[in-house]
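Based on the provided sequences and hints, a complete structural model is requested.
Line by line, the protein sequences give chains A, B, C and D. Number 104 in my numbering belongs to position 104 of the first sequence; there are no gaps in the numbering. Number 50 in my numbering belongs to position 50 of the second sequence; there are no gaps in the numbering. Number 139 in my numbering belongs to position 139 of the third sequence; there are no gaps in the numbering. Number 200 in my numbering belongs to position 200 of the fourth sequence; there are no gaps in the numbering.
You may find that some hints are simply not true.
[To be verified] For lysine-lysine, the following DSBU-like pairs were computed, each having C-alpha atoms within a straight-line distance of at most 30 Å:
no., chain 1, residue 1, chain 2, residue 2
1, D, Lys217, C, Lys289
2, D, Lys335, C, Lys34
3, B, Lys56, B, Lys110
4, D, Lys289, C, Lys217
5, D, Lys289, A, Lys335
6, D, Lys335, C, Lys289
[As the list claims (entries may be wrong)] In silico negatives: residues of chain C with every beta carbon more than 12 Å from chain A:
no., residue
7, Ala51
8, Lys59
9, Ala70
10, Pro81
11, Leu333
Treat the hints as calculated values from the structure; they're not laboratory data. Idealized CB from N, CA, C, for every residue including glycine.
Number of protein chains: 4
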Amino acid sequence: MQLGMIGLGRMGANMVRRLLENGHQCVVYDRSSKAVEALVQEKAAGATSLADLVKKLSKPRAVWLMVPAAAVDKTIADLMPNLEPGDTLIDGGNSYYIDDIRRASELTVKRIDYVDVGTSGGIWGVERGYCMMIGGPKEPVQRLDPIFKALAPGTGQIDRTPGRDKLTGTAELGYLHCGASGAGHFVKMVHNGIEYGLMASYAEGLSILRAANVGAKQGDVDAETTPLRNPEHYQYDLNLTDIAELWRRGSVIASWLLDLTAAALVEDPALEKFAGRVSDSGEGRWTIKAAIDEAMPVPVLSTALYERFSSRGDAEFQNKVMSAMRYEFGGHLEKASGK
Amino acid sequence: MQLGMIGLGRMGANMVRRLLENGHQCVVYDRSSKAVEALVQEKAAGATSLADLVKKLSKPRAVWLMVPAAAVDKTIADLMPNLEPGDTLIDGGNSYYIDDIRRASELTVKRIDYVDVGTSGGIWGVERGYCMMIGGPKEPVQRLDPIFKALAPGTGQIDRTPGRDKLTGTAELGYLHCGASGAGHFVKMVHNGIEYGLMASYAEGLSILRAANVGAKQGDVDAETTPLRNPEHYQYDLNLTDIAELWRRGSVIASWLLDLTAAALVEDPALEKFAGRVSDSGEGRWTIKAAIDEAMPVPVLSTALYERFSSRGDAEFQNKVMSAMRYEFGGHLEKASGK
Amino acid sequence: MQLGMIGLGRMGANMVRRLLENGHQCVVYDRSSKAVEALVQEKAAGATSLADLVKKLSKPRAVWLMVPAAAVDKTIADLMPNLEPGDTLIDGGNSYYIDDIRRASELTVKRIDYVDVGTSGGIWGVERGYCMMIGGPKEPVQRLDPIFKALAPGTGQIDRTPGRDKLTGTAELGYLHCGASGAGHFVKMVHNGIEYGLMASYAEGLSILRAANVGAKQGDVDAETTPLRNPEHYQYDLNLTDIAELWRRGSVIASWLLDLTAAALVEDPALEKFAGRVSDSGEGRWTIKAAIDEAMPVPVLSTALYERFSSRGDAEFQNKVMSAMRYEFGGHLEKASGK
Amino acid sequence: MQLGMIGLGRMGANMVRRLLENGHQCVVYDRSSKAVEALVQEKAAGATSLADLVKKLSKPRAVWLMVPAAAVDKTIADLMPNLEPGDTLIDGGNSYYIDDIRRASELTVKRIDYVDVGTSGGIWGVERGYCMMIGGPKEPVQRLDPIFKALAPGTGQIDRTPGRDKLTGTAELGYLHCGASGAGHFVKMVHNGIEYGLMASYAEGLSILRAANVGAKQGDVDAETTPLRNPEHYQYDLNLTDIAELWRRGSVIASWLLDLTAAALVEDPALEKFAGRVSDSGEGRWTIKAAIDEAMPVPVLSTALYERFSSRGDAEFQNKVMSAMRYEFGGHLEKASGK
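In structure tokens:
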């Protein structure tokens, strides 16, 4: 099958590679002509503009956008003069599902199909395959099935879920038509919300292990500080690199994120190359907003998001407020060196 | 009535003053002879040692300890050779209630009464009176009633709680025999746990107000950052000093902590003199441990405690873990300047 | 001064009473003619329709809406044909500040001023006065100053904040022009967010006190349950009614919400007449959404909101998911009676 | 090698089976003679009492306890008269690491080695192998190496962590000597703390997906309830069974717990056989206590624990307190049917 790909960053370029390897044809475009050339070397057809890309596709066209969320609307607007009824636009980036609902509605008027695809897998997808969560009308999603099948991991070496043989569908192959427009990005959004919770759980746990020697450290005793009652209980110098590896092996908390953590710790046991300023993308935030609209209590996912905000210093003023109150009621001055 | 006071820091010295003003006699001791002399100027009787203090008290003696929690056991051990059956020891500091239970049991064998008193009011107590939460056997608590009455705020100008006229007891006067040994410090412990929650609530809320102009600030747009969808909704430059004052006046969230916050903001609207490293004393931690033993869900109080830990940089390693994972799965490098 | 009031529920009717007592004239309307008649008895001028209300006001008119947030847009639409350039509309209800921004912009075109007023004080406002947070253009806010002054508590018996005498403005009187359109409801929104945090802090703390006798209760010992290691530490039967009263008297956590809690506990010490299904209004939710837009970590306020969701059973499915996982990995069956 | 196993529940019996299959000899005892007989059928040597078990072991003996945490001290006391210097006791259950420290110290005096082993893997361990976290002195741990090797999963089909070939040790085999006495159960404790966080993350996320159709449901509009502003954004009927399966396939959040969740959803898509009363064992609680001692902020792990407490109704009183406050300040009556 033929696909146009716009946006040849890490994700877009690798998806093209995976498609080419599976025998599909790709017409590719990126603002950077270098990125286009690189893929032309690998047998993609290059385009010099959006118009050129559209022209090189046979009808009905299928154009996949793999651009930053903030650039999607602009790209669609630029494409529109060239597209025709019956064409399909796929947004495979990190759009807010609410934008999908709007875009689908706008494009329907012009009889262009819009399909939203939440994609997980990161830089590993080219090798493992991409897990795809798909939203939109039934027809274009079915039409694109060969593309999804090629990009997805397939069943691979992952054990079958017991009882799954009684069920049908593509979920086992690593892609799924989740529902109407926006459903793909909605499911991807929640996927990322969960991801934040999982990451924070490992991070908090490992930090408890790392501080298990706190009883061996000297501490001052004064009215502002609680001395450790039982320093003899905190005398362990634990090897986090080995423990992360250990947990990959038969424990209840084995996971792909743990695999990655184990790899990071092998390379840099104290994680010294990181400052600990954790970015967040929109999905984590939107997940919480959706939960609030649903009146669904999600304290774990929210707290995980807030840890990222705090990691970037955003709690500074509120901490000052607490220090100010302590000073006002108790005359407590801040301690120079914490704890 | 006569009372021996050991420990003439901010709290102990002011309590002596309040007792003297109310016509009680105080024999006072502190490791610092200066602190003793200062109160002798105000008509307290000074003691030069623990033994001297005990000698100057008439039997049955009442000795109030106002020393750091970590120094209580040592002080009691030093006092013991001088005390006699029938004497009463009062711990008015910030002891862990579990220590009270142990001490009361040890002292009972020697027929010395032990009374634990959790005291709230901070540096303002000398003026407002001290709110006292009392634990221990009935007899010594009743014997000390004149002391508690003098230290407590009394009914003052605070409105009577509707329906309270049908009830008896001392709660309206600002002191209460809460229960058996440890009950005083248990109630004080939870008081402080609540205090952390209240402080964090105001601090978080004020910080939302302070950032209400975030839409007026420039932000970069890239794949790692979520641009603000509606910057026009965040264009307010709010005056926190005025708002804190306003809320004192008829709002649902009026409180003494808000009074203090309003005062702090008048003096230093940006709270620039604080770095935001918030100390925590034992009570906040013990509150959470008690809740866990009781299987009582206390996410708000726990989170408030953790914000203090984080304010001192204790989350640094866990943030590095999250950055490391992001790097592993997505090739995401940390951003130099946050968000 | 003359004011039209639309919506004579608990809040609207009491505001009219307070205005009348302060010598202002009120023209009142409500869908319920009974509500109108009741205030006519108290010297308000009654109106039989929105048009009638507008007709009875002298120009430039000032019309205050005190209707449910969901009814504001409809009411404004119904009023519009009768209003004229120079008139002022005040929304004193619980609107989302984002709606204020939109409405102000729409009304500006018609040269009608729109003022948003967040009002705190609940059913107590008629007596204590209303704390008002005001947003909108300067001129109409100044024009309405006599109205705000009459509704607000004034300085009353509340102590002046130290250093406040150097500052000017109306905050001390209990009303404040916070900023441009929406600023009033923005500040009120955050006020309610804080309120949720404060309420949850007291609620969690009191529940720890209430369970302080958990060591006296019998528990089974099995592999699924952690027995209490030190039941002797949890043997207190604490009197919450007295403790809430006590804390009003000189403690750091004294507040108006605590006053109310003390009153509720006097009347019903076990709070048996409540089922514990806690409602939430929009402000708590919007506060969290604003914090997320600002990248401001607010785990305490969020968690307080989620406790309300959970109190209504909204966590049921997620709990089932956790039970299902436990069953899958450990063969753990749920226990019939908890813990 | 020869091992005595005491406690033939799900875990103990399966460990014996795995040892027998790997050519080790086991002498087994349980209070239930049936449990003993079952394993005798599978070539274990049965014992009729603790004394009998000890007698049947050759010196130096190795005795593994697989009994409930609350029964360990009693079992050790009962065993002691029969043991001799040079023997080794292994506690493979869910003991608190603080008990390990004490027991190791007590047994050292009698020259009996004590090894603590935290074991993960649940009912799946017999097939997958057990992940073991080991604490205690070096010599007995090394002596027991053949036992650990047989019980552990080995490298199996799990991919090697990149860079791991440069490192030595047993972590890759699924067992690890973590440190001195207590270290094994300390690491297992934190493992379970993390487990709670992971489980809660999936549970919260799936519940957001499940409620994605909330906009299609009718809701009343009144002053107590916030109507959904955009019901058109919540119209998805998502298939959780398929989505859980999908995420196993190439997504960032693939994990063993997700595998189990997918299996549970295949069998019972609405999880109707669960009531959602989630038990917790000691490790989750101890994890939080350790974090507090270390001043380590762990809001995600704590919140996950509290969700379990709440799932069992433990938040009921605090919810009543919040309802009581709302009634006091706003006259708000509880709503009969939530939200």
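Here is how each hint holds up against the structure:
Taken as a hint, the Lys217 of chain D and Lys289 of chain C pair is honoured in the structure, with Cα atoms around 23 Å apart against an allowance of 30 Å. As the CA atoms of Lys335 of chain D and Lys34 of chain C are separated by approximately 25 Å, the hinted pair is consistent with the 30 Å bound. Of the supplied pair hints, the one linking Lys56 of chain B and Lys110 of chain B holds, its CA atoms being roughly 21 Å apart against a limit of 30 Å. Using a Cα cut-off of 30 Å, the hinted pair Lys289 of chain D and Lys217 of chain C holds, with the two alpha carbons roughly 23 Å apart.
Between the alpha carbons of Lys289 of chain D and Lys335 of chain A the distance comes to roughly 24 Å, so the proposed pair stays at or under 30 Å and holds. Between Lys335 of chain D and Lys289 of chain C the alpha-carbon distance is near 25 Å, which keeps this suggested pair within the 30 Å criterion. No Cβ of chain A approaches the Cβ of Ala51 of chain C within 12 Å, the least distance being about 37 Å, so the stated non-interface status holds. Under the 12 Å C-beta cut-off, the non-interface status given to Lys59 of chain C relative to chain A holds; the minimum distance is some 42 Å.
With a cut of 12 Å on Cβ distances, Ala70 of chain C stays outside the contact zone with chain A, its closest approach being about 15 Å. In this structure Pro81 of chain C is separated from chain A by more than 12 Å, as the shortest Cβ-Cβ distance comes to about 32 Å. Listed as a non-interface residue, Leu333 of chain C keeps its Cβ farther than 12 Å from every Cβ of chain A; the least gap is roughly 17 Å.
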